[in-house]
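Chains as they are written, first to last, in our numbering: chain G, 1 to 239; chain R, 1 to 83.
To be clear, the hints were calculated from the coordinates, so they are not data collected in a lab.
A quick note: this is a predicted structure, and the numbers were derived from the prediction, not measured.
We put the beta carbon where it would ideally sit given N, CA and C, even for glycine.
A hint or two may mislead.
Now the in silico label distances, taken between C-beta atoms and shown as ranges [as the list claims (entries may be wrong)]:
no., chain 1, residue 1, chain 2, residue 2, range
1, R, Gln-21, G, Ser-112, 19 to 27 Å
2, R, Arg-61, G, Ala-150, 14 to 22 Å
3, R, Val-40, G, Gly-161, 22 to 30 Å
4, R, Arg-61, G, Ala-134, 21 to 29 Å
5, R, Glu-81, G, Glu-151, 47 to 55 Å
6, R, Leu-77, G, His-96, 19 to 27 Å
7, G, Ala-226, R, Glu-55, 29 to 37 Å
8, G, Asn-13, R, His-6, 28 to 36 Å
9, G, Pro-10, R, Ala-58, 48 to 56 Å
10, R, Val-40, G, Ala-150, 20 to 28 Å
11, G, Glu-209, R, Asp-65, 41 to 49 Å
12, G, Asp-152, R, Arg-42, 20 to 28 Å
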Amino acid sequence: MLNVAVVRFPGSNCDFDSLRAAEQVGTNAYLVWHRDASLRGADVVILPGGFSYGDYLRSGAIARFSPIMQAVQRHAAEGGPVLGICNGFQILCEAHLLPGALMRNAGLSFVSKPVDVVVERADTVFTSAYAEGARLRLPVAHGDGRFVAAEDTLRMLEAEGRVVLRYEPASEASPFQPNPNGSANHIAGISNAAGTVVGIMPHPERVAESLLGAPDGLGFFTSLAAWEPRASTPNVPSR
Amino acid sequence: MSYRVHVRVMPRASLLDPQGQAVEHALSALGFGEAGGVRVGRAIELEVAAASQAEAEARVRQMCDKLLANPVTEDYLLQVEGA
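If we strip away everything but chain G, and leave its shape as in the complex, we get:
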């Protein structure tokens, strides 16, 4: 059974939602405290949403130096999958596991509502269950979601097809305000080159079961559950 570690920082508040979504797709999911040094043999790591360290200094800036993040860095360097959702995405950028940064929303307001996004890359560990071009309606809830990066970084992300999710332009079928935060190129999520590290601002774990409406976010979890660790990946539990 796949081991999924959900890292809990002081101020995480989507840890149980992420845990439940990962359990629902048949993985062995468990919480790991930010001061732990070990991921306890995790195959996949989820950095959940929330407000780690009260968003002091910059969102994710302090969580990035938590002891557990050294283990997450090693895990990612060895090709292990990491999904950062919302605050998790901010932490991945601060940790330089993904390029760019997430700044205060252009409209200054905290934005909490459903948005329509397009899956632009369906060959990552976390999006393989979707068809490329699939449209999803996912909730966002953030104050610092404006993705920015240097011009050459943006060109690289586009050229290498590393935009995983993009806010869909407004249309009759998509009544919600497009691009809720002023992100460059309407970017809602990106990946590393290998497609193993993915950061997204929307919250798929909040719409991962039909009780909560259309389970548009479930695919992130069925995708990770279908991922097969390579035989060469070290996976030794160290409890």
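Using the hints, position chain R against chain G.
Coordinates of chain R only, in the frame set by chain G:
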């Protein structure tokens, strides 16, 4: 020796600063229409034990590069005072 260091962290000039814009609009609404180019950043003060002023400055630069400023979005300025 102990040195007091003032760090000024500002959003990079090329990036949208919505906080600065909001403050500028508020100033204008209060009758200060002459104010323009408002930008909002962050000031950090700290005391650093170091053998020399140059060493204190070098250490705080490392702190800025690693934690206090985000090199993707922010620039910083340092001012070091002898204690």
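Is it true that Arg-61 (chain R) and Ala-150 (chain G) lie within 14 to 22 Å of each other by Cβ?
Holds, since Arg-61 (chain R) and Ala-150 (chain G) (Cβ atoms, about 21 Å apart) stay within the stated range.
Is 48 to 56 Å a correct range for the gap between the Cβ atoms of Pro-10 (chain G) and Ala-58 (chain R)?
The hint (48 to 56 Å, Cβ to Cβ) is violated, given that Pro-10 (chain G) and Ala-58 (chain R) are roughly 32 Å apart.
CB of Val-40 (chain R) to CB of Gly-161 (chain G), is that within 22 to 30 Å?
For Val-40 (chain R) and Gly-161 (chain G) the Cβ distance comes to about 36 Å; the hint is violated.
C-beta pair Gln-21 (chain R), Ser-112 (chain G): status relative to the range 19 to 27 Å that was hinted
22 Å, holds
So the hint says 47 to 55 Å: do the beta-carbon atoms of Glu-81 (chain R) and Glu-151 (chain G) match that?
Distance hint for Glu-81 (chain R), Glu-151 (chain G) is violated at roughly 38 Å.
Does the Cβ distance between Arg-61 (chain R) and Ala-134 (chain G) fall inside 21 to 29 Å?
46 Å, violated
Kindly confirm whether 20 to 28 Å is satisfied by the beta carbon distance between Asp-152 (chain G) and Arg-42 (chain R).
Given a distance of about 27 Å, which is inside 20 to 28 Å, the answer is holds.
Taking the Cβ atom of Leu-77 (chain R) and the Cβ atom of His-96 (chain G), is their distance within the range 19 to 27 Å?
Check passed, 23 Å falls within 19 to 27 Å.
Range first: 20 to 28 Å. Now tell me if the beta carbons of Val-40 (chain R) and Ala-150 (chain G) are that far apart.
22 Å, holds
Between Glu-209 (chain G) and Asp-65 (chain R), does the beta-carbon spacing fit 41 to 49 Å?
The hinted range 41 to 49 Å holds for Glu-209 (chain G) and Asp-65 (chain R), with Cβ atoms some 44 Å apart.
For the pair Asn-13 (chain G) and His-6 (chain R), does the Cβ-Cβ distance stay inside 28 to 36 Å?
35 Å, holds
Take a look at whether the Cβ-Cβ distance between Ala-226 (chain G) and Glu-55 (chain R) falls inside 29 to 37 Å.
At 54 Å between Cβs, range violated.
Checked against the numbered hints above, the structure breaks hints 3, 4, 5, 7, 9 and satisfies the rest.
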